[in-house]
Every structure is written in structure tokens, then in C-alpha cells.
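**Q** Read off the chains here:
2 protein chains.
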Amino acid sequence: MTERLTLSIDAMGGDNAPQMIIEGIEASLAHLSGTKFLLFGDESKLVPLLEKHSLAATVSEIRHTKDVVTNEEKVGIALRSGRNSSMRLAIDAVGSGEASGVISAGNTGALMAMAKFVLKTLPGIDRPAIAAYYPTLRGESVMLDLGANVDCDADNLVQFAVMGEVFARNVLGLKNPSIGILNVGAENLKGNEAVKKAALILQETPLPIKFYGFVEGDDIGAGTVDVVVTDGFTGNIALKTAEGTANMFGTFLKQALLGSLMSKIGALFAHKALKEFKMRVDPRRYNGAMFLGLNGICIKSHGGADAIGFANAIHVAIELIENSFNEGIKEDYAKLSNSASHKKKAVGEE
Amino acid sequence: MTERLTLSIDAMGGDNAPQMIIEGIEASLAHLSGTKFLLFGDESKLVPLLEKHSLAATVSEIRHTKDVVTNEEKVGIALRSGRNSSMRLAIDAVGSGEASGVISAGNTGALMAMAKFVLKTLPGIDRPAIAAYYPTLRGESVMLDLGANVDCDADNLVQFAVMGEVFARNVLGLKNPSIGILNVGAENLKGNEAVKKAALILQETPLPIKFYGFVEGDDIGAGTVDVVVTDGFTGNIALKTAEGTANMFGTFLKQALLGSLMSKIGALFAHKALKEFKMRVDPRRYNGAMFLGLNGICIKSHGGADAIGFANAIHVAIELIENSFNEGIKEDYAKLSNSASHKKKAVGEE
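Protein chains in written order, with our numbering: chain U, 1 to 350; chain B, 351 to 700.
Only chain U is shown next, with the shape it has when bound in the complex:
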């Protein structure tokens, strides 16, 4: 018998919680076995939902609490007075070792602050980053930071690069993933001080990182590199710009295809192809932003996610746990500090 993997769920976070959460768990079970869920939230709402979703009910355990962190709640207040909230208790379950990972579709800032407070960061990591997959012409890539750190220095960017590399290797299963730093041009002279200095450090790192150099905004969709590293300000804006552009494209396409009888007939013939196209860029497939760099797995689902989106966030959590993402980071930083002490010794011997 394999060991059961336990996930703790903030059952009250998100626009359509707790309904979409229970439906998401139910949907995820088609591809899962042996996963157990701890549901933190209001049992008066959760019990009737579980009665309707018998699969989810068999693998879920309710941990009752009335408190919730709202989306409007300031981070500081959530930290101080949210100790019995569904979000905080779900994180605590990872802190205590009862669960291997936590998922919430609630307030992003509060989730990051609480997770940092409870779980702490991994050795070598100053600041956790938000990472996500996205579709590219070449397949899938990962980008970080997507908004956890508005101001980043070169060291932060380098840490993001190390985490992104481990993610691409351990979770995406790439042998030698390439890393790029997002910039306004490919030349060495371009960009702000942080990206220029980070590039210099990555060119000389003792870790076996395949550093591609600078990439530009259009390289994101092209899939030029497997990991795009950027500060949280630029990364958040780039990700949302891509979402907005995709949405605009989809709307324009729909308008065009509904514009005449001929185009409607065409859309009917191409129905299957258009459906496949839509699925390929379906944002729900990419739901589940990963808080990387914490001493525990923490996944943020989009607040407006539906059941399919939330089920995807569950799969992302399981992938990180099963592929020992955090162990990979620890190994890399152990190597780095070994190499640093070797270097010091070598210098001392001179």
C-alpha cells in the first residue's frame, strides 16, 4: 500500500467557494487515487455539499471554522487577527506536518504572508516567488515572479532562476532546462541594474544552470526558454497582458465567426478544430500559481476559478509534492554553500 498524500484546503477562499472547491475535488478524483483532503471551513456549508458529492465525501475530512479572510482584508490585519481563519488553519496543517500541501483560492497577499510566517522560507531563499506554467509555441514554460515581490534586486532574481530551474527539471521533467531573464533587449548593455547584475551572476554560477541570457516579451509566447525569470512587478503585468491579449483575440475571433451566415457555416464545419484550439489556450488548464521557496507546498488558485480550474490547482500541488520540488531546492543550495566554502578555502590557501 502506498502512503496516502494529504492536502489541506482553504474551503472558504474564492468567489464561488465552497461550492467550486467541493466540485473541484470531485473532478480531480477522476485522475487521483490515494489523496486525502482536509477541508477547513464552515461545516454548515460544507456538509450539504459533500452529501451531494459522494466521491469527494469519501476522501474529505471537515475541520470546522467560521472565520474567513476576505479579499478586501489588509495583509497585516489578516496576519494578526486571522489565526482561526480557514486559510490560516489550512496552512497550519502543512506547518504541523499533517498535510503535504495547501491550496487556497482566497486573498493572494494574505496567503503569501501567512504561508511565509508559518512555513518560513527554504535555506538560501530570501523571498518566495509566485510561479505559473503557461502555453507557448514549443509546449509549456514557467515564469516567476508573478507578483510576490514588486521590487527585486539581482540576488532575488538569481534565487528565482535557481528555483525555476529545479522546477523545470523536477516537475516538468526537462533534463537541462534553459533559463532566461526578461528584459527590454537581448544585448548585455540593456535593462536596469538588477537584471544586468543577475545575468553576470548566472553566467558564473557553479550550479549546472543553462543560462540563455536575456529574453524579451515576445519570447514568452514563443517559448524561447523553459524558465522566464523576472521581478514581480513586470511578471505580473506580463502575465495579465498575455491573458488580456488572449481574451481580446478570442472575442475578435468569435465576433468574426458569428458575423455572417457563411462564417457560421464555416464555424460549424470547423467546430471540433475550434474546440481543440480553445482547449489549448484554456486558462483553466494553467490555474494554480505556485508559491515557490517556502518550506512547504502552497498553491494559489485563481479566485474566479471554476471546478475544472480548482481541480487543476490540486494537480499542481500533487506534482510539486510527488516530484520533491523542495528537496531539489535544498540540494541546490547545499551544493552552492559547499562550493562557496571550497572557494573560501582556496582563497585562504593562497
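To be clear, the hints were calculated from the coordinates, so they are not data collected in a lab.
None of these values were measured; they are calculated from a predicted model.
Any given hint could turn out to be false.
[Unchecked claim] Looking from chain B toward chain U, a few residues come up when the C-beta cut is under 10 Å (computed):
{"hint": "1", "residue": "Glu422"}
{"hint": "2", "residue": "Leu532"}
{"hint": "3", "residue": "Val534"}
{"hint": "4", "residue": "Gly567"}
{"hint": "5", "residue": "Asp569"}
{"hint": "6", "residue": "Ala572"}
{"hint": "7", "residue": "Phe583"}
{"hint": "8", "residue": "Ala592"}
{"hint": "9", "residue": "Leu603"}
{"hint": "10", "residue": "Gly609"}
{"hint": "11", "residue": "Ala623"}
{"hint": "12", "residue": "Asp656"}
{"hint": "13", "residue": "Ile658"}
By construction, the Cβ of each residue, glycine as well, lies at the ideal position given by its N, Cα and C atoms.
For chain U, the structure is supplied; the task is to place chain B on it using the hints.
**A** This is chain B only, laid out in the frame that chain U set:
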């Protein structure tokens, strides 16, 4: 008889120069009358091209020079040793008043540096910005800065807002255009120091600017505001991310429609609709980035533009000139300095 408008052209800048330039002028003439072109470049290449394009020939005058600024040229070197280059001489023609605007598809950094050196900035403007139109769900909007200034403070952002507002009013013809600052969230507390301070200044400006507040990346495609203000680092990456996403979408759609016989038949029926859709997001329609804030009109065409793209850049130049863009900026800053001296007086009277 109306006065003839003269444009000076860096005929050697761009991947396919000078051929696409002459073809672009020829193409632009379908919608133009009374515009004259000064072509700066190698006459041994320009003469044979003009012989083949009789319309362009009748409105063009060659100003021979052998020197060119390459794309690889460092900005400092271009400034010092490019005094006889086609780019520099084309800018000089605006500086001397011989031409009303200049267009180049060459090295962006060199063009900006030379234009700043020759034309200087408008009163009130510390740093020029690069601006461009883009398609949105609501129509067209304008975004700046797109890469001229990697690091921006609050004052720079406020100046971009003033220029963007004048542009939207004078050139896009909007009565009361809305201005937003690109940020990682809509709340006042979000973002870096520059955007927070710029928002405070814009909330209290004596100019009749309709300041919407912060917008996010997905608001760009949604067209939430008429003018999106951002620093050159973020703006450049956002614009190129949108281009890359659009390209990915187009490729995925093509692949889907070519995937089966049924979908091919569908695409045939929907041919006209798909063509219209493609035209609506054709990047060539948005070619012609504007260097705003200079004491003279300067337009940068994409280096890889074709004739249709270059013709569009010509139209952008003419729109800025005919709609008195620079006069609008001067008026706004005159108002601002009046209001500042009134304020001082009022304070002094207390």
C-alpha cells in the same frame, strides 16, 4: 493651394531598406496628397528604385549620403561619428525646419539619442517617451513609455500622462480621454514608489485630466482606459508580450484549422471572416512608434516592417503634425506653469 507638408526619411534604416521604404511611400500615396519626401541615403540604390516607382518619384527628393547607422552600432558611437548618416541628416532636416517630421526604421536607441540631441525636448518634458497605438476590445488606445526610459520616477510618469492625454485628445480625437497607470493591482497600496507617487500627483493636477487610477495588464487588451502610462521597462515587455501572445494565438488557430479536412472546409466557408479577423489584429496597422516630447515629430518604424507597415508609419507622422500634437503639449505646460505661479501667489498672499 494648401501648403505642402514635408517629411524627411532615413531611407537606409530597417531590415529591407531602402526597397520597403520606397514601396511604403508609393503605398502611402493612395491616401495622401500634397506630401513631399526628402530621402536621405545612397543615391546609387535609391535612383533605380524610384525609377520603378513613378508615384513616389514625383514627390521625393534624394539627399545623397553613404553613411548609415547599423542596428548593432552603440548609441554613443552613433552620436559621435554618425553625423553624416542617413538617420542623422534626416533628423537635421526637422531641426532646421526643412521638414515637419522624420521617420526611420533604423536603430531605435540611436534614433532616440540623435533626435534628443538635435531637436531637444519640449518645455516641461524631461525625457521623451515612445508611444504606440494598439487594438483593444473597445477600439484603440495608446500606451507609453514603450522602452525609451528603463528607469522612471513619478515625475517622468506624470509627464507621460500629460503627453498621452494630449495625444488622445488631439490625435485620436477623444473629448475627455481617460488615463491609467499600469500596476500590479487596482488598490492604492499596490505597486512601487514611482507609480504610487505619480497617482497622487495626477489625482491633484490642475490640468483637466481624467485620471482613472491604476490599471492591470489585462486592462490593456480590454481597453479600460484610453491612455496606459508605464515606465519603459514594463511597457516594452508588456507590448512585446502582447505581440508574442497574438502570434502564438494566430499560429495555434492556423494549426487547428489546417488539422483536418472538415476544419479546412470550415476555414474555406469562413475565409472572409477570418481575413477580417486577421486584418483587425494585423501588427502592420499599428506600426509607427511615436517619440513624444521632442521639439519635432519623430516616428520609429519597426525594423522588419514591410511597405504596408512603413506606409502606416508615414500616416502616423502626418497625423501628429496635422493635429498639432506638440502645440497641445506646449499649451498644457503653459497652463501648468501659470497655475503653479498662481498657487505661489496665493500662498504668498496669505
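**Q** Going through the earlier hints one by one, which of them does the structure break, listed in rising order?
**A** Numbers 12, 13, in rising order.
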